[in-house]
Each structure stands twice: as structure tokens, then as C-alpha cells.
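Protein chains in written order, with the UniProt record's numbering: chain A, 1 to 374; chain B, 1 to 300.
Please note that the accuracy of each hint is not assured.
Unchecked claim - Take a look, some chain B residues computed to stay more than 10 Å from chain A by CB distance:
#1 Ile154
#2 Lys168
#3 Ile277
Stated by the list, open to error - Pair by pair, the computed Cβ-Cβ distance ranges are:
#4 Val191(A) x Leu81(B): 51 to 61 Å
#5 Arg78(A) x Gly189(B): 51 to 61 Å
#6 Glu2(B) x Ile88(A): 52 to 62 Å
To be verified - Sample of chain A residues with no beta-carbon within 10 Å of chain B, all distances over it, derived:
#7 Asp57
#8 Ile60
#9 Ile88
#10 Arg152
#11 Lys161
#12 Val191
#13 Asn265
#14 Ala327
#15 Gln356
#16 Asn364
#17 Tyr374
Since the hints were derived computationally from the structure, they do not count as laboratory data.
On a predicted model such as this, the values are computed, not experimentally measured, just so you know.
In this text, a Cβ means the ideal position worked out from N, Cα and C, and glycines have one as well.
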Amino acid sequence: MKRILFMACILMLAASTAFAGETLKMGSMSPLTGPYAADGNDIANGARTAIEVIKADGGIPGFDDITLSAQDTACDPRQAVAAANKLINEEVTGVVGAYCSSATLPASETLDEEDIVMLTPASTNEKVTERGLKNIFRTCGRDDDQSKAAIRFMTDYLKAKSIYLVDDKTAYSQGLADNVEKGSPAAGIKVLGHDHVNQGDKDFSAVLTKVKAANPDVFYVSLQNSATGALLIIQAKRMGIDAVYLAQDAVYHPQLIEIAKKDANGMYLTFGYVDTDAPSYQKFIKAYEPKYGKPGAYSAYAYDSAMAYLLAVKKAGSTDLAKVREALLSMEFDGASKKFKYMENGDSGSNYIIRQIKDGEYINFWNAQTGEKY
Amino acid sequence: MEYFLQQLINGITLGGVYALIALGYTMVYGIIQLINFAHGEFFAAGGYMGVILISYLAGQGASPVLCIGLGLALTMVYCALLAMAVEKVAYKPLRTSSRLSVLLSALGMSIFLQNGLMLTQGVYDKAYPTEMTAGGFEWGNVVLSYMQIYIFLITGALLIGLNLLVFKTRIGKAMRATAQDKVMSALVGINSSKIISLTFAIGAGLAAAAGIMVGFYYGSVNYSMGFVPGIKAFAAAVLGGIGNITGAMVGGLIIGMVEIFAAGYLSSEYKDVFAFIILIAVLYFRPTGIMGENVDDTRV
Chain A
1 MKRILFMACI LMLAASTAFA GETLKMGSMS PLTGPYAADG NDIANGARTA
51 IEVIKADGGI PGFDDITLSA QDTACDPRQA VAAANKLINE EVTGVVGAYC
101 SSATLPASET LDEEDIVMLT PASTNEKVTE RGLKNIFRTC GRDDDQSKAA
151 IRFMTDYLKA KSIYLVDDKT AYSQGLADNV EKGSPAAGIK VLGHDHVNQG
201 DKDFSAVLTK VKAANPDVFY VSLQNSATGA LLIIQAKRMG IDAVYLAQDA
251 VYHPQLIEIA KKDANGMYLT FGYVDTDAPS YQKFIKAYEP KYGKPGAYSA
301 YAYDSAMAYL LAVKKAGSTD LAKVREALLS MEFDGASKKF KYMENGDSGS
351 NYIIRQIKDG EYINFWNAQT GEKY
Chain B
1 MEYFLQQLIN GITLGGVYAL IALGYTMVYG IIQLINFAHG EFFAAGGYMG
51 VILISYLAGQ GASPVLCIGL GLALTMVYCA LLAMAVEKVA YKPLRTSSRL
101 SVLLSALGMS IFLQNGLMLT QGVYDKAYPT EMTAGGFEWG NVVLSYMQIY
151 IFLITGALLI GLNLLVFKTR IGKAMRATAQ DKVMSALVGI NSSKIISLTF
201 AIGAGLAAAA GIMVGFYYGS VNYSMGFVPG IKAFAAAVLG GIGNITGAMV
251 GGLIIGMVEI FAAGYLSSEY KDVFAFIILI AVLYFRPTGI MGENVDDTRV
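Model the full structure from these sequences, guided by the hints.
Okay, structure coming up:
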């Protein structure tokens with residue numbers, strides 16, 4: 001009797017898998033451990049939210065289920081390639097990631113060999129979309145645009161005469177700081193110094209003492225990590241550096257305000273414009289916040305990246321790279337982070353603005369395109 | 001001059017923290033010749049326990065002094081117990097094995113503790129209630145924050161307390177005896193197992209205190225915060241002569257100062273380079289460290 005029951009169970013199991021439709025397998029790549037784990041988990045959670053929302057809206061015809069395999073890159077190029085290979089073995093067809101440009105660059109080439117679409121929510125380095133790859137799409141902006149927005153803000157709004165830059169030597173943070181440094185003299189801003197700190201540093205007292213002695217109009221903070229940014233701001237304020245603090249999108253995170261508290265007030269950050277009143281943003285935030293808390297800098301971009309992929313698969317009716325690419329390029333997306341359309345090289349355009357931290361909240365402050373205050 | 005003074009204050013603060021962590025390395029090395037790679041994790045665990053306790057106490061309406069005092073004391077006890085447990089699980093069973101096995105066990109324990117912290121406390125930084133210790137003195141451009149003063153005072157008190165314990169009490173005598181010769185000290189009735197366990201506990205307690213002070217000073221703690229200071233403190237212990245208590249204090253201060261002055265007068269990029277160049281130079285020219293590692297009387 002027992003044996004018959006057992007056989008019956010096996011048969012039923014076999015039957016259920018045989019009759020089930022296909023599963024749409026997605027992957028995400030981001031640093032889930034290490035110093036950038038906060039942003040990395042935001043990315044995985046953003047992609048998860050997109051899948052939940054699509055499922056709640058009735059899913060995608062032809063697919064019974066949508067899954068996400070979240071891989072850890074630790075922001076390391078080698079581990080990123082290993083993660084890409086793992087996703088290839090799991091037969092995913094679309095990948096959201098990675099976070100660090102230095103991880104996205106090699107991983108996208110590995111995925112390209114297997115014709116797998118990669119949509120990056122956070123890698124802003126110019127090279128990402130300048131290699132002629134057909135599988136890479138970028139939902140966030142580009143570094144060269146970001147540095148221009150920063151310089152424009154310093155000249156047009158702040159009327160700054162001098163700047164001191166600090167970065168933490170990653171491809172992203174140093175690249176951006178270098179761009180700002182290069183563009184400053186032409187804009188009439190004197191570069192008083194450009195110093196580098198190490199990733200994972202906690203003590204910035206020495207470099208801050210230097211900044212204080214230089215007494216710049218603008219203190220430009222280009223770090224890869226919001227928590228480190230918070231520590232630096234706290235110490236800078238304690239030291240009494242009364243420059244205008246200007247940072248960028250990797251320093252942008254709710255964590256920054258949580259840790260630096262009132263010390264963060266008044267500082268400016270270059271960040272992609274987000275219309276928090278838009279229905280598309282409201283839909284995202286309603287699905288995201290109850291489960292994962294306040295969204296980080298890249299949660300919405302990851303959500304949009306995953307959403308774009310899912311909608312493109314829905315339109316193409318296939319997971320084939322050529323068809324999905326065609327669908328992605330033909331569609332206009334009303335995303336949570338912005339309205340966007342992918343261009344031939346995979347870019348979706350930058351919309352950097354200046355945001356400010358005011359009374360413990362991020363607010364839209366200055367439009368870098370029009371030069372007007374919000 | 002102001003610039004120099006400010007950097008000096010910065011250097012002493014950082015050096016004090018390194019000194020507290022370095023003591024744990026040096027004491028454990030002194031007594032069982034083990035480089036306890038898991039030591040940095042006690043520092044991180046202390047930072048976390050501290051923020052949990054202090055936030056809880058503050059939520060109960062306790063005054064800042066009580067919050068910090070009680071939080072510090074309880075956290076030190078917690079980390080001491082944690083270290084004793086780690087010693088029992090990971091090191092004691094290997095007491096008679098080769099030193100390499102124990103070293104590997106220590107590395108494993110470090111990874112285990114760090115990931116345990118990540119899984120239980122999450123990947124996000126935890127913020128300290130820094131408003132409790134905000135403010136400071138200013139002379140011209142030189143700033144001395146209250147937190148820096150607290151760090152000087154608490155570090156100083158702990159160092160003096162440790163010296164008294166090691167050199168003036170029976171327990172300290174037993175520790176020194178065990179460090180010199182475990183078999184002989186057992187013959188005269190010293191329970192060496194207990195003494196070793198106690199050494200771990202004291203070292204971890206000091207690291208926990210450093211964890212809380214770092215949390216207040218810098219504003220937040222993170223699960224991976226133990227690694228880098230752990231390595232620096234290890235360098236400090238070797239610099240001072242590993243196994244030598246006074247050496248660890250001096251070594252910690254030197255590493256802290258070198259780091260700050262290298263960053264202040266050269267570039268921040270070079271601060272780690274200089275901290276470790278000093279280490280290499282000492283190992284090359286004076287392998288026993290500046291204070292010497294075989295001064296038996298001062299060895300624990």
C-alpha cells in the first residue's frame with residue numbers, strides 16, 4: 001500500500017512538472033556582501049519588486065512563473081564573471097546589474113557570448129555602452145554628464161571660486177572626480193587640491209585637516225559608498241569645514257541621513273531626477289516600501305531595468321536576444337525613476353539634477369538643464 | 001602650527017584605539033603564541049552590542065552618562081564571554097596541535113563571526129546616537145571634540161587598569177607565570193586553562209570598549225569594520241614587540257600617529273603604506289619589536 005502511494009506521489013510530481021508552462025528566469029548581479037552591500041541589496045530588491053508587480057498584474061503570457069536568481073559580485077571583476085557564468089548555467093535570459101562599473105564591464109562581455117540581455121541600473125562609467133555590445137542597456141545616467149551638472153551648479157548657482165576634491169580611488173569615484181577636476185579651471189574654479197582616501201577608511205581627520213587649511217568654496221566628495229560618505233561628513237562638520245558640500249549619486253542613500261543626521265543637512269548631491277508624485281513612482285513605492293523599507297539610490301533604477309526587460313519579453317513574446325533588443329529599442333518606458341527610451345548604444349539618457357538634504361529629507365533643488373530652482 | 005596640533009590630536013585619538021585592540025593580540029600571543037585573527041571581530045561585535053544597549057538604555061530615559069557607562073560595561077562583559085566561548089570551541093581542542101591548525105581555526109572563526117554579524121544585524125551600517133557626545137573645544141582652528149577627550153580618558157583608564165591587573169594582582173602574576181611556562185605554573189597549582197580563558201576575555205573586553213568608542217567617534221558601525229583596524233592593531237602589536245603589553249600601547253600610538261601624519265603631510269593614499277613600511281622596517285632591523293618580545297617580566 002505504502003509503495004503504491006509513493007508511486008502515485010512520484011507520478012503526480014512528474015505530471016505537475018510536465019504540464020507546467022515555462023518559467024521566465026531572471027538574474028541579478030550586485031554586491032550583496034562587502035562595503036557596497038547596502039546598494040547591492042537595494043538592486044536585488046528593486047528587481048524582485050518588478051517581478052512581484054508584473055505577477056500581480058497577471059504575469060507574462062506563455063510563462064507560468066518568473067524567478068529571480070540574485071548573485072553576489074562583491075564589486076569584484078573576477079567574482080562578477082563567476083556570477084555571470086553561474087547565471088548562464090542557471091539558464092537565465094535577462095540580468096539586472098551590476099553595480100560597480102568595474103564589475104559590469106567584464107560580466108557584460110561574458111553574458112554577451114551567450115546572448116543574454118544585461119540591464120545595468122547603476123554603472124555610470126562611459127565605457128559600459130561604448131563597446132558596441134548588443135546585449136547591454138543602461139537605465140541610469142553617465143559620468144560625463146554628471147560631472148557637467150556638478151560644474152554647472154558650481155558656476156551658475158554657487159558662483160564658486162575654488163574647490164577641493166576627495167575620492168576613494170574606484171573606477172567610478174575617481175573617474176568622476178577627475179572629470180570635475182578637469183572641467184573646473186575652464187569654468188573659473190580654482191582646484192585647491194585633489195586627495196584620495198582608501199575604501200573602507202573610517203578616519204578622515206588627516207585629509208579633512210588639509211581641506212580646512214585650504215578653505216575651499218566647494219568641498220567635492222566623490223565616494224563609492226554612502227556610509228563612508230556619512231562618516232566623512234560627520235568628521236568634516238566636527239572639524240568645522242564650512243564649505244559647500246557637494247557629493248554624487250553613490251553617496252546618495254537614506255543611510256547617509258540616518259548616520260550623519262543633522263550634519264547631512266544642507267549638502268548637495270548630483271542625482272537623476274525622480275518625480276515622486278508620478279503614478280509610476282507611486283506604484284513602485286507602494287510595492288517596495290512595505291517589504292524592503294525606504295528605497296536606496298538604485299532601487300528604482302533596478303526596478304525599471306527589470307520592468308523594461310519583462311515588458312520587452314511580453315511584447316516580443318520570446319526571450320531571444322535579437323527580438324528582446326528590438327522590443328527594448330522600440331518601447332517608451334514610464335519608469336519609477338524617469339520616463340526613458342533606450343538608444344541604439346543602450347544608453348537611456350542622463351537627467352542629473354542637484355538634490356539637497358533639507359531637514360533630514362532629500363529634496364529636488366536645482367535643475368541642471370534649465371538652471372532653475374525647483 | 002595649528003595644523004600640526006590638530007593632526008597630533010587626530011593621531012593620538014586613532015593611536016589610542018589601535019592600542020586598545022593591539023593589547024588583545026599581544027596578550028593572547030604572549031600566553032599561547034597564537035595570533036588570534038578573530039580578534040578584530042570582537043571589536044566589531046562590541047560596536048554592535050554597544051549601539052544596541054545604549055539605544056535601549058536611552059529609550060528607557062537614562063541619562064547619557066549612565067547610558068554610555070552601563071553600555072560600555074555590559075558590552076565589555078558580553079564580548080569577554082563571547083571570547084571565552086570562542087576560545088573553548090575553536091582553540092582549546094587544538095591546544096596540543098600544531099600552531100598552524102590553531103591559526104587556521106582563528107581565520108575560520110573570524111569569517112564565521114563576521115558573517116554571523118552580517119546575517120543577524122544586516123548589511124546596512126548602524127548609526128550611533130552621536131548627539132550624546134556632540135560638541136567640543138576650539139582654539140582658533142584647532143578642534144578638540146568631547147568624544148576625543150572621552151577616548152583619551154577611557155583608553156587611559158583601561159590601560160592603567162590593565163597594568164595594575166597584570167603587575168599588581170595575583171591573577172596577573174598567574175598570567176605572567178603561565179606565559180613563561182605552562183607546565184611549571186601548572187605544577188605550582190595555577191589552573192592554566194582558566195588563565196588562558198581569562199586572557200582572551202580581557203583582550204576582547206578591551207576591543208569591545210574600542211568598538212564603542214569608534215562607533216561614537218565616527219558615528220556608525222558596520223559588520224566588516226573589524227578587519228582593517230584588526231590588521232593595523234596586529235601591526236601595532238608586532239611593532240611594539242608581540243607579547244609585550246607596554247609595547248602594544250606604544251605600538252598602537254605610533255601606528256596611529258604615522259598614519260595621520262603620512263595622510264596629513266603627504267597624501268591619504270599613502271597612510272596605509274607608511275603604517276606598514278614602519279612594520280617592515282622594524283621586522284627587518286629589530287625583529288623583536290621596539291620594546292622586545294622576550295622581556296619575560298612584562299610579558300603576559
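We went through each hint and held it up to the structure:
1. Ile154: Nearest chain A Cβ is 17 Å from Ile154(B), so the label holds.
2. Lys168: Holds: least Cβ distance 34 Å, greater than 10 Å.
3. Ile277: holds, 15 Å
4. Val191(A) x Leu81(B): 51 to 61 Å: 53 Å Cβ-Cβ, so the 51 to 61 Å window holds.
5. Arg78(A) x Gly189(B): 51 to 61 Å: holds, 56 Å
6. Glu2(B) x Ile88(A): 52 to 62 Å: Holds: the Cβ-Cβ distance is about 59 Å, inside 52 to 62 Å.
7. Asp57: holds, 30 Å
8. Ile60: holds, 31 Å
9. Ile88: holds, 26 Å
10. Arg152: holds, 28 Å
11. Lys161: Check passes; 21 Å lies beyond 10 Å.
12. Val191: Non-interface label on Val191(A) holds, nearest chain B Cβ at 15 Å vs cutoff 10 Å.
13. Asn265: holds, 14 Å
14. Ala327: holds, 35 Å
15. Gln356: holds, 21 Å
16. Asn364: holds, 25 Å
17. Tyr374: Answer for Tyr374(A): holds, closest chain B Cβ roughly 28 Å.
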